[in-house]
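Asker: One-letter residues, chain by chain:
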Amino acid sequence: MDSKLKRICHDLKTERPDVGRPLPGILRLLPVGLYLSGAAALGCSGLFLWQFKSAREARDTWRGEEAAAKTEQARLVTENEAISREEKRAEEARKWVQGSEPMQELLVTVVRSMRPTSALAELGLTRDKDDPRKIAFTMQVSSGGPTQLDDTVGVLASALNYRPYFAQQKNEKGGEIAYSATLIKQDRKDPRIDQASAGTTSQPSLSK
Amino acid sequence: MNNKHLACVFIGLLIFAQLYCVVMVKSKSDAMKSEAEEASLAAEGARQQVTITRTQLTSLKTKTEALRQYLAVWDPFLRKSDTEERGQTLIDDLIRQGGVTQLSGKFDPSPNVGNTYIPKVVKAELLFEDDYHKTIDWLGEVERSLPAARISKCRLTKGTTSNDVKMEMTIELPVVDDTGAAAPKV
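Line by line, the protein sequences give chains A and B. Following this note's numbering, the numbering of the first sequence begins with 1 at its first residue and continues without gaps. Following this note's numbering, the numbering of the second sequence begins with 1 at its first residue and continues without gaps.
For reference, chain A alone in the conformation it holds in the complex (with noise of 0.2 Å):
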């Protein structure tokens, strides 16, 4: 049977005498590192995209969370500026409050200081245009003489705390006086900022 099949074959296919000179067995290694390499890619490759998607969800969130952050910053920033233009509003409305305070206890401190003996012919209050803390305080005393003058001047400085400074003096004809001078309240700081700090926030009866 064999024998049958060999000759059949051979038939088919005589024997022919190799043309060239057969490779190296090394290089049988080929096919056998093809189908390692390709397992190795395979592998490798699965792990390093496994690496590449973490990687990426990891660059993902931390770029969420620094938009976040941003966000937040901008927030901040914003509330930061409102804050800072009402911190400078409120100066600017204390320098005007502060610059606003009440004439009618002066006027009326100057005139309960006079004698009965002297009289007051005229009494002028002026605020000064860059400093309006600073008022120019003129008054003219047609009787009481000095006298009177130091005792006006020492009631503005017990009653309501008010210093004189450059002051004049004018001594008229019939024994009047005029008197000029600056006067600078001494208590800088505005109680009513305490007041507010302690939360005192109803009505400003703003002891004006």
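Warning: the hint list may mix true and false statements.
[Stated by the list, open to error] Result set (PhoX-like, lysine-lysine): computed pairs, CA atoms no more than 25 Å apart in a straight line:
| # | chain 1 | residue 1 | chain 2 | residue 2 |
| --- | --- | --- | --- | --- |
| 1 | A | LYS70 | B | LYS120 |
| 2 | B | LYS153 | A | LYS185 |
| 3 | A | LYS95 | B | LYS63 |
| 4 | B | LYS158 | A | LYS173 |
| 5 | A | LYS129 | A | LYS185 |
| 6 | B | LYS153 | B | LYS166 |
| 7 | A | LYS170 | A | LYS134 |
| 8 | B | LYS63 | A | LYS129 |
| 9 | A | LYS88 | B | LYS63 |
| 10 | B | LYS33 | A | LYS53 |
| 11 | B | LYS106 | B | LYS123 |
| 12 | B | LYS153 | A | LYS134 |
| 13 | B | LYS80 | A | LYS95 |
| 14 | B | LYS153 | B | LYS134 |
| 15 | A | LYS95 | A | LYS185 |
| 16 | B | LYS33 | A | LYS70 |
| 17 | A | LYS95 | B | LYS120 |
| 18 | B | LYS153 | B | LYS80 |
| 19 | A | LYS95 | A | LYS134 |
| 20 | A | LYS170 | B | LYS158 |
| 21 | B | LYS61 | A | LYS88 |
| 22 | A | LYS95 | B | LYS153 |
| 23 | B | LYS80 | A | LYS129 |
| 24 | B | LYS80 | B | LYS33 |
| 25 | A | LYS129 | B | LYS153 |
| 26 | B | LYS63 | A | LYS134 |
| 27 | B | LYS80 | B | LYS106 |
| 28 | B | LYS106 | B | LYS153 |
| 29 | A | LYS95 | B | LYS61 |
| 30 | B | LYS158 | B | LYS106 |
[What the hints assert, rightly or not] To give an idea of the chain A side of the interface with chain B (calculated C-beta under 10 Å), a few residues:
| # | residue |
| --- | --- |
| 31 | LEU106 |
| 32 | THR126 |
| 33 | PRO132 |
| 34 | GLY174 |
[To be verified] Computed footprint of chain A on chain B, listed as stretches where at least three residues anywhere in the stretch have a Cβ under 8 Å from a Cβ of chain A:
| # | segment |
| --- | --- |
| 35 | 2-11 |
| 36 | 17-31 |
| 37 | 71-84 |
No wet-lab data here; the hints were simulated from the structure. Only a predicted model underlies this, so the values are computations on that prediction, with no experimental measurement involved. Backbone N, C-alpha and C define an ideal beta-carbon position, used for all residues, glycine too.
Please build the complex by placing chain B on the supplied structure of chain A, with the hints as guidance.
Answerer: Positioned in the frame of chain A, the structure of chain B alone reads:
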């Protein structure tokens, strides 16, 4: 070169292509890792910046709390005369209610230089002649009703009769700038 050699070269190329693909995937993975690292650093920096800004804000809030409350208390009074017409009406109403005899009156808008919150004022130059007590009481009433008003000038002289005084005064009513921030919150 025969077919066997060609087959060997082909297989070698296949192996090389596989290795090349692996190297490419690895380099992409490394690049992504590097990006993730950078993003992490950037996020950390942004977070630190937020912490610093938040601390600054808290400090600023604490530091300016009293002043801001002061503004919150005063703001309604400063806004009482929000327009020139309103300021004039307020003064006119007070004169009518007080019943003091007014000899003359002039209202003018005037700039308030150096103050951005109150850039304008309504300046009222008024002249009265009436009983001393009535006039002084009226002045007190102005200061009570309009606590933010500034009496920039007040001059008292003798009136025509013994109890009368002449009072020449200038009242400045603040006109608050509304283009800035809204009214402060208490």
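Asker: Next step is simple, just say for each hint if it's right about the structure.
Answerer: Structure-based check of each hint:
no.: 1; hint: A:LYS70 - B:LYS120; result: violated (39 Å)
no.: 2; hint: B:LYS153 - A:LYS185; result: holds (17 Å)
no.: 3; hint: A:LYS95 - B:LYS63; result: holds (18 Å)
no.: 4; hint: B:LYS158 - A:LYS173; result: holds (18 Å)
no.: 5; hint: A:LYS129 - A:LYS185; result: holds (16 Å)
no.: 6; hint: B:LYS153 - B:LYS166; result: holds (13 Å)
no.: 7; hint: A:LYS170 - A:LYS134; result: holds (21 Å)
no.: 8; hint: B:LYS63 - A:LYS129; result: violated (30 Å)
no.: 9; hint: A:LYS88 - B:LYS63; result: holds (13 Å)
no.: 10; hint: B:LYS33 - A:LYS53; result: holds (9 Å)
no.: 11; hint: B:LYS106 - B:LYS123; result: holds (8 Å)
no.: 12; hint: B:LYS153 - A:LYS134; result: holds (12 Å)
no.: 13; hint: B:LYS80 - A:LYS95; result: holds (18 Å)
no.: 14; hint: B:LYS153 - B:LYS134; result: holds (19 Å)
no.: 15; hint: A:LYS95 - A:LYS185; result: holds (14 Å)
no.: 16; hint: B:LYS33 - A:LYS70; result: holds (23 Å)
no.: 17; hint: A:LYS95 - B:LYS120; result: holds (14 Å)
no.: 18; hint: B:LYS153 - B:LYS80; result: holds (21 Å)
no.: 19; hint: A:LYS95 - A:LYS134; result: holds (13 Å)
no.: 20; hint: A:LYS170 - B:LYS158; result: holds (20 Å)
no.: 21; hint: B:LYS61 - A:LYS88; result: holds (13 Å)
no.: 22; hint: A:LYS95 - B:LYS153; result: holds (18 Å)
no.: 23; hint: B:LYS80 - A:LYS129; result: holds (23 Å)
no.: 24; hint: B:LYS80 - B:LYS33; result: violated (63 Å)
no.: 25; hint: A:LYS129 - B:LYS153; result: holds (10 Å)
no.: 26; hint: B:LYS63 - A:LYS134; result: violated (28 Å)
no.: 27; hint: B:LYS80 - B:LYS106; result: holds (20 Å)
no.: 28; hint: B:LYS106 - B:LYS153; result: holds (14 Å)
no.: 29; hint: A:LYS95 - B:LYS61; result: holds (20 Å)
no.: 30; hint: B:LYS158 - B:LYS106; result: holds (22 Å)
no.: 31; hint: LEU106; result: holds (9 Å)
no.: 32; hint: THR126; result: holds (5 Å)
no.: 33; hint: PRO132; result: holds (7 Å)
no.: 34; hint: GLY174; result: violated (15 Å)
no.: 35; hint: 2-11; result: holds (count 5)
no.: 36; hint: 17-31; result: holds (count 8)
no.: 37; hint: 71-84; result: holds (count 7)
Of the numbered hints stated above, those contradicted by the structure are hints 1, 8, 24, 26, 34, listed in ascending order.
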